[in-house]
Amino acid sequence: DGGITQSPKYLFRKEGQNVTLSCEQNLNHDAMYWYRQDPGQGLRLIYYSQIVNDFQKGDIAEGYSVSREKKESFPLTVTSAQKNPTAFYLCASTAPGLPNTEAFFGQGTRLTVV
Amino acid sequence: QKEVEQDPGPLSVPEGAIVSLNCTYSNSAFQYFMWYRQYSRKGPELLMYTYSSGNKEDGRFTAQVDKSSKYISLFIRDSQPSDSATYLCAWDHTGANSKLTFGKGITLSVRP
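Protein chains in written order, with this note's numbering: chain A, 1 to 114; chain B, 1 to 112.
It is possible that part of the hints are untrue.
What the hints assert, rightly or not - Partner residues aside, some chain B positions facing chain A, computed with beta carbon under 8 Å:
1) Ala17
2) Tyr39
3) Lys42
4) Gly43
5) Leu46
6) Arg77
7) Phe102
8) Gly105
Claimed, not checked - Lysine-lysine pairs mimicking PhoX-like chemistry, simulated, CA-CA at most 20 Å apart:
9) B:Lys99 x A:Lys71
10) A:Lys57 x A:Lys71
11) B:Lys99 x A:Lys57
12) A:Lys9 x B:Lys42
Hint data in this document are derived by calculation from the structure and do not stem from the laboratory.
Positions of the beta carbon are idealized from the N, C-alpha and C atoms, including for glycine.
Start from the sequences and build out the full structure, keeping to the hints where you can.
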């Protein structure tokens, strides 16, 4: 089955630690996105990548980093510089061509700082 | 001014009610308009998509766009408990750095 897989589903991090969230897709999509979702805040864009080896900052990139070495993979690292990392993180991808009308989302990773 | 504003929630209605969900936007470059539905602890899924002013129907759902007023709405007729979810409006354009922009979302609860 084609889709987007995020792992882990739940993640606990100690203060001061970096953690990496995994996102893999087998849809052959070029564009991939990372969103953060907090209660009452909707989806806020962290980073996005339109093509391999290229990515752009979204609206709330500070404290996060990404890489796009393969088309299928777009991991997100939450660094110790992110002051309030507890949130629900969603990865998405869109098919080639514009507009980006349909984004396919993973099931999310819930990150909690302990 | 924020690019996207969505009516605050949450919203609770009895089964069978007509529901109206609304968003406004400020960026005139937005050309394509979408509604996503998100069930609890799941990723959002595309519900409807439209690019022109006017109405688009899909079963019990109607998406309405007014580009002159920069206003979009989602109407749900004969609402069901299974419609209980968070609804997110979204926009995109075909210019440089095209990317989906989402509203804050409104949580709907349909009471049996």
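Structure-based check of all given hints:
Below 8 Å, beta-carbon pairs count as interface contacts, and alanine 17 of chain B has none with chain A, the closest being about 23 Å; its hint is therefore violated. For tyrosine 39 of chain B, the shortest C-beta to C-beta distance to chain A is roughly 11 Å, which exceeds 8 Å, and the interface hint is violated. With its C-beta approaching chain A no nearer than about 6 Å, lysine 42 of chain B sits inside the 8 Å limit, and its interface hint holds. Given hint, glycine 43 of chain B at the interface with chain A, holds; its Cβ is 3 Å from that chain's nearest Cβ, closer than 8 Å.
Hint status for leucine 46 of chain B: holds, given a least beta-carbon distance of 5 Å to chain A, under 8 Å. Below 8 Å, beta-carbon pairs count as interface contacts, and arginine 77 of chain B has none with chain A, the closest being about 24 Å; its hint is therefore violated. With its C-beta approaching chain A no nearer than about 4 Å, phenylalanine 102 of chain B sits inside the 8 Å limit, and its interface hint holds. Annotation: glycine 105 of chain B was flagged as interfacial toward chain A, and the flag holds, the nearest CB pair being 5 Å apart, inside 8 Å.
A threshold of 20 Å between alpha carbons decides the hint, and for lysine 99 of chain B with lysine 71 of chain A the separation of about 18 Å falls inside it, so the pair holds. Among the hinted pairs, lysine 57 of chain A with lysine 71 of chain A is consistent with the structure: their alpha-carbon atoms are about 18 Å apart, no more than 20 Å. For the hint pairing lysine 99 of chain B with lysine 57 of chain A, the CA-to-CA distance comes to about 11 Å; that is within 20 Å, so the pair holds. Using a Cα cut-off of 20 Å, the hinted pair lysine 9 of chain A and lysine 42 of chain B holds, with the two alpha carbons roughly 11 Å apart.
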